[in-house]
Every structure is written in structure tokens, then in C-alpha cells.
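Full structure from sequences and hints, please.
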Amino acid sequence: MTTQTEEKFIGTTRKVTAHQTQNEGLSFEKSAPGKKAYRLPPLDVPEVDPSALLGEARRSHNAELPELSEIEIIRHFTRLSTWNYAIDLGMYPLGSCTMKYNPRVNEFVSRLEGIAEAHPYQPESLSQGSLGIIRLLQQCLLEITGMDAITLQPAAGAHGEFTGILLVRAYHQAKGNPRRNVIIPDSAHGTNPATAAVCGYDVVNFKSNAQGGIDVEALAQAVNEDTAALMLTNPSTIGVFENEIHRIADILHSKGALLYMDGANMNALCGKTRPGDFGVDVMHLNLHKTFSTPHGGGGPGSGPVACKKILEPYLPIPVVEQGSDGLLHLNYDRPQSVGRVRAFYGNFGMFVRALAYTLANGPDGLRQTTEDAVLNANYIRKKLEDLYELPYNTPSMHEVVFSDRRQLRNGVRTGDIAKRLIDYGFHPYTVSFPLIVPGALMIEPTESESREELDLFVDAMRQIAREVEENPQLVLDAPHSTRVSRLDETTAARKPVLRWRKP
Amino acid sequence: MRYLPKSDAERAAMLREIGVSSIDDLFAIIPEEYRLTRDLAIPRQMGESEIVDHFKAAAARNANGYASFLGAGVYRHYRPVLIDTIVQRGEFLTSYTPYQAEITQGTLQAIFEFQTMICELTGMEIANASMYDGSTGAAEAAMMALRITGRDDVLVARSVHPEYREVMHTYAQHREAASGRATREIAYDPESGRIDLAALDEAVTDRTACVLVQSPNFFGVIEDIPAIAEIAHNKGALLIVSIAEAISLGIVRPPVEADIVAMEAQSYGVAPSYGGPFCGVIAAKEKYLRQMPGRLVGETKDTRGRRGFVLTLSTREQHIRREKATSNICTNQALVALMATVFMTVYGKEGIKDLALQNLAKAGYAAKTLGAQGKLLFAGSPRFNEFVLQTDEAPEQLNARLLEQKIIGGVALERWYPELGNATLWCATELTARQQIDQAAAVLAQAPATAAAR
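Read top to bottom, the protein sequences are chains A and B.
According to this note's numbering, the first sequence is numbered sequentially starting from 14.
According to this note's numbering, the second sequence is numbered sequentially starting from 5.
No more than 30 angstroms apart at the CA atoms, straight line, and that leaves these computed lysine-lysine pairs for DSSO-like: (1) B/K357 / A/K43; (2) B/K328 / A/K188; (3) A/K43 / B/K289; (4) B/K289 / A/K515; (5) B/K305 / A/K28; (6) A/K321 / A/K268; (7) B/K305 / A/K515; (8) B/K357 / A/K49.
If you are wondering where the hints come from, they were derived from the structure by calculation, not from laboratory data.
Just so we're clear, the structure is a prediction, and the values are computed from it rather than from any experiment.
Take a look at the structure:
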């Protein structure tokens, strides 16, 4: 922590104490010719002459990969790992990201030999275990969402959106006209408009009402025969349930349009209410959010798409079906399918983890999980609403969104508070999103936080609020405790250095 | 529920502090008719040992103890123990996308190393932080070429993985409906198994945005990249090379003439896992940087001049550009890219070549040994670790006989290439033992004389 010459307020970081981390260069910088971390077994077949076999297709120079020994590699990546913050270290309150505990039994079972070594083209008779996992997870997700049919093929949330909107397109096309527009609220994730555009739709940006939700009267005006769908996040990105959801669905359906739900915030709903019951036609889930598969520094994810009966014919191929022989099969014979969105069957390893999570919870556990997630968000709201501005006073579900309006009077923005939070031992909340809240602080604690951890977070946020009043420069210069201070993103973008080169 | 860190007393106390009398008050905004008042009809809560038993039982219903000659886009290679040791560290496993650079330097530096190694292996100048997989990477690469050239035609070799082509078709269908220009598939030469260069030359026009080939292609044959590049570039089209078997880059000449490489890095230490998660990646010439989809990590300095890494050029991406983004991709395959990074580091400069050489030798032996029991197709073309075998016996019967000996034979090609008749695609890697190859050949040799189904 920087030392201040004047006696200004500096908060006490109760959760963390500074300690040393190891310095570590790039693997290339540690490389030396002849060092090895591998040994291949002796070849049990005759050696071959690559020049004779490959001719001009033979590689002439080795790729400049590093040459290191095993101990150096372990140290290299272990040292790097200690520079990361992680759920395993503490609360990770990124709004909309649902950074919950990633159970280790999920990792264990996904690595069982018969599961990890399964090849997608091995015979169906030798894939009944894999197909059974797919089948059971599908059944669970259908029950949880209240939908009729599902595909697990999409590799991530945005890929699920893409698949879902393709289903919408195919549905309208089958009626003779794919329609032109997708309506997207201004509070939506960026993937929503990007997806609609990738699927060839014009985006109609739709302004949220004074409560941050859908203006139902305006929607009734906006929806017409050109509308293919509304992409709605529910609860919304400010953590509010669209309580007029049934009217929204009715408005769309009356014009033949469909209701797409972005399931990013499904952690607020599991076991308490079901999208299929409140009028949603098609939605995606994020197994890496709601169903505890690890984010892994940015992926892999998995984005199953669930839909109503009317969209089932268009689901990607193949679909898993039970035959009259009692065995599970992959059915490719689906003439109305939108086609494949990914090779093979999706991020299967994530299905294993999501199913393990679902089995660990059961119906009572999932409901309790949802309740605790909502309880935690409301607790934080209650403990901070006197110091941070609540732009919308509507009831919060699993996340709470504040704004930096009060802190801005001292020149401190949400991004600065976020950086200061790092010094207190927490990962920042989501910064500057949703776009409808200027200077947003979007906080999603998830169910995984104990009261003790929440209280430490609240304490940190309250001390930062005081620092903003009494010592704003301290916050503006944060973080003070990390290996690197704020990084020059402008130069990074202006003169991109995207790979290492030998000096 | 054992994952939830609260006692009922704590819950009650928190509710009191919030100022509500029961948890249901916090759900009151949900209209009553939509509140679920029953238990979900899913299996009951299980103990950890029950969960392990459940999945062990599932694993037992899959193939166990079989020798396998399956490849076709998913490859069985040895995965050094270091990989799992490192990716199971919670600091990597349970970290988010590294938007907050100060506390994610570990992930960021690892991705920077990944990007560098992918550039080195592919001969490209830039590489992104990963895509979902090889198939979606190919589709995204084609869309990238359309944006770069402003043209509207895509040509794809029929020797590209059939499922990759299907995904490209799915991605393209609405665009094609709008432009009236369908993706065209270019035939392969029946002798060489390589793309038909004359047919390609004829098909490329000044409306062609790109030519996409796979090398080694779906038949395991290495394409003549310089020749294909010349044909494409003569008409101002881009060349995209898809690589499904990344180990090939240890010994096969990188496609340096390509403008874009769309790769699947599953071979670099990633389990087959019934088809995913894998690790796609797009690499390209630097001049196409602004049209690159996906995340990129760049080097920079902090306020005190120390080296650090950040996600950069995000103005291409959906969270900034929304409907004008280069792609809708958000989540990628970061942890799988880390597996690949550890793999590439373990094998290193010499190891990746040694490993590729072993694959070449094993597949060469297998092609010779199994080829003696049938007809080796495209025998005169350079191959890596896969080959196509044509037999008198129908693949279904052949594979049934192999299964009896606990051998999973080659993938039957008929559903995608009916013209090849009784053809199967075989793969041998460094993990394939000579004895397994010999045993498979012995089974092939016992083909019933009456089984001539052709």
C-alpha cells in the first residue's frame, strides 16, 4: 500500500495481507537448447524418412517453441497461477457472470477414463454411458426450465443465442417469411444484438422504462409483422424480474413473434419459477454460470437451448432418442433441422459437470441455492444502499446494481472503486454494465458466499466509500497491492504486441 | 446442501436485517401463477459417493479396454500429467475472463504464450486467444474473409471434415438466402484425394472471398498449399487452411501461404471427451487483425513501466460494438487453450517434431499392414497419421468382427462419401501399438469370402 504523507483515511484490509509472489518471465525467455520435459517410448515400428514420405510438404524448420525441463514448467505455470484471483480464493461478485463454487467432484467424474476417453465416433452400442448422461441432463434441464425440447450442442451462451435465433428464423421461414427484426432492450448483453446481426436480422434497440424493465405499452407499439422475436433477459441485467412477462409474451404472440429468453440470470429462478410456464418460446442456459462448470479464465462454456414444441423440428442434428430396443441413438434424420452449429455433440465434458452439480443439489438443493443467491444480493443491497446510489428502486433478485453518482462528486468512478476493491482482497464487480445505468456497479454474490465473506465485502465497500470522501486519490491510483499497477490499454490497442519475438 | 455456506439461523438473521419476514417475500415480484410450489421432478439430492458411482456406471457403459483406430477430427494422443496438474489449480480453473488485468496476469501471460506458439507452429503472424472448436473456427474464418474482401462467394474443398462443412453451411444459410450465392464445394481428385486443382481454378472468380481447405484433409492427405494459394490469390481470393490434427505441424510444412488458419488444437493434450470441449483458434496475417473475431491478449506496460498483459482491441468485440461486432463470440475455450499451452511447452521445439515423426511412422506401418488386406486409397499422396482403406467387406461387418476382438476400426465414410464404397478412415498415433495394428490386420485377413458386398 502506498504511504500517505498526510493523515488521510486509509481503510483496513481485513481479508488480505500482502505477501510476496514469484517473478517469472515468459517461457521462451527461460528456454535453452537441449532441455527437455518429455521422453517418448522407443518406436515399435520401423522408422520412416519424413522427406521421402512428405516431399515438399515436409517442415524445414522447427517451430520456435520453448525448451524447458519439467520442474521449470511446473514452476512457470504455478507462479503464473498465483497472479490470478479465483473463486477458490474468495468472493467474485461479477454481475451477470454467476461466479459460484465449482465443485471438485464434477472435475473428478469428468476425468473418469470411460468418459474422458470416449471418442465421438465410437459405436453407439459403446457410447450408451455418454448418451445416457446427455439424456438425463436434458431431462433435468427441461424440467428446470419448463420447456419441451432441448439441444446441448451450442458451445457457449452466445452460441446458444445464435442457435436459438436460428430456430426462430427457421420457424418463421417455414411460415413463408423469416421476418426482419429482433427487438432488443438497451439493457441487454452485447451478445444479443451481435447474435441477431449474425443471424441476418436488423436490431431494433428498445428503450427500458423508468424501472429499468420493459415498457409494455411501448412494446405493443413496436411489435408488428416484421418482428421475429424479442430477446429478453429475465431477470433483467439490473436483477429485476419482469413481472409483466405474461403480457410481454401475449403481445409478441398476438403478432406471431416469439419470446427469446437469455438465460444468463437463471440462477435467480431455478426451482422457484420456470420460463416455459411464463410464456418463453426459446431460451439458452449457461452451464458455466447457473450449473457450476468452471469459467477457466474465459471458457469453456456450454449453452444449451431449450424450446417449445413448435420449434422442436428445427433443432440442430443429431438429437438423442431412445429406440424401441431400449438403447439410445443419435438421430440425424431431421429434414427441418437448422443443421449443425458445432462438430460432434457439444462441450460434452461440461454436460458431465452440470449433471453432477444437478445431482448434488436435487430439487431441494436447487431451490435453496436460488433462495440463497437472492438472499445474498438483497443483503448486500441493504448494507450498502445508504452509501451507494440505487438507480432503480425495484426489488432485486440475484444481483444488485448501484451507480457511482455519489462518488463521482469526488471524481471517482465505478472503475476506480472496482480497482480499489482488489486491494481489499476481492475481485471487482461488473463495471459499467448494464449500459442503461451510467457508472454501474453490478454485484452478483451468488449463493456461494458465507455471511462472513459478505460482511467483509460490505466492510470493504463501506471503507472505500469513506476513502472516496476523504482520500479520493488513493482510490484513483488503486490497485496498490498487485504485481502490476494499472496497465496502459491505449498503447496496447494502438501498437498491438500480440506475440513474443526473439530479441 | 453441502455447497451452501449458511446455517438456517444465519439465513433467518439476514432476512431480519434485510427487513423481510420470509425468503418468499424476496420472490414476491414473480406473479403468483408462475411461482413453482412443488419440487422439481429431478433426481433427489445425492451424496458425493453416489455421484461418483453414477458416473462410474456411465463410464462402464462406454467403450473400455478397446484398441481404437478412430481419428476423423478427434485424436488420441498421450496427455502429459503436468497438464491436468496445472489446469486443476483453482487459480486457473475458477478464474473469470481476464478483464481485470491486475489480478489475472497469470491467465493473460499464458494466453500470450499460447498466441505466440500458435503463430510459430502455423507460420501466421497473429493468433487469437481461442474459438469454440475447429468447426466453428472454420465458419468464423470464412465470415472474416467475407468482411475483408467485401465479396460474397465461399469455396470449400469436399475433402474438408464433413461436420465442419455442415457447420459452415449452418452459419452461412441466411446470408446465402439473402445474396443468392451458395457456398460451393470443390471436388477432390479421385486419384490423389487432394482438392481438384483444375476444378478449383475454374470455380474461383473475382467474386470469391475465400477458398477453404483442410490439411491434412479429412482423408489424412496433405494438400498442395502453395498451388492452392496461387489459384486463390490470382483472383484476389483469400486462402483459409483448416487444421484438425495439430500434431501434424511438428513435421508438416506450415501453411505459410494461407491468409487465415482455422485450427483445432484438441490434439495438444485435450481428452476426446465424446467430442468436447476442444480448442479452436484462428491465426492470420497481421494485416487482417481488425477483422479477427474473439479475444486477443497484448503486451503493454503498467504505470511504473513494468511489463504486463491485457485483453486488447476489444472494439472488435460484441460487448463494445454490439450488432456491429466482428462476431457474437464471448466465452471462448481459455482453460483448454491453457492445456494446449502446457502441452506445447512440455514437448517444446524438438518434442513436437519427435512426436509427429512417431505418428508418421505408426500410421505408415498401419497403412502398409492394413493396406495389404484391402486397397489403400490415395496411396501416392503425402499423408500424416490417417489413411483411407477400401475393403471388399462392408464396414459394418468389418467393424463388428473387429469389435469382437476389442478393436474399434476405422470410421465408415459412406454416409459422407458414398462414391468411395466400402471405405474406412483409420488413424494411428504414437499411442497405437504395433501389436494392435497386427491384430487388426489379422482380423481383416479373416474376412469371409462371401462378404464381398461391393
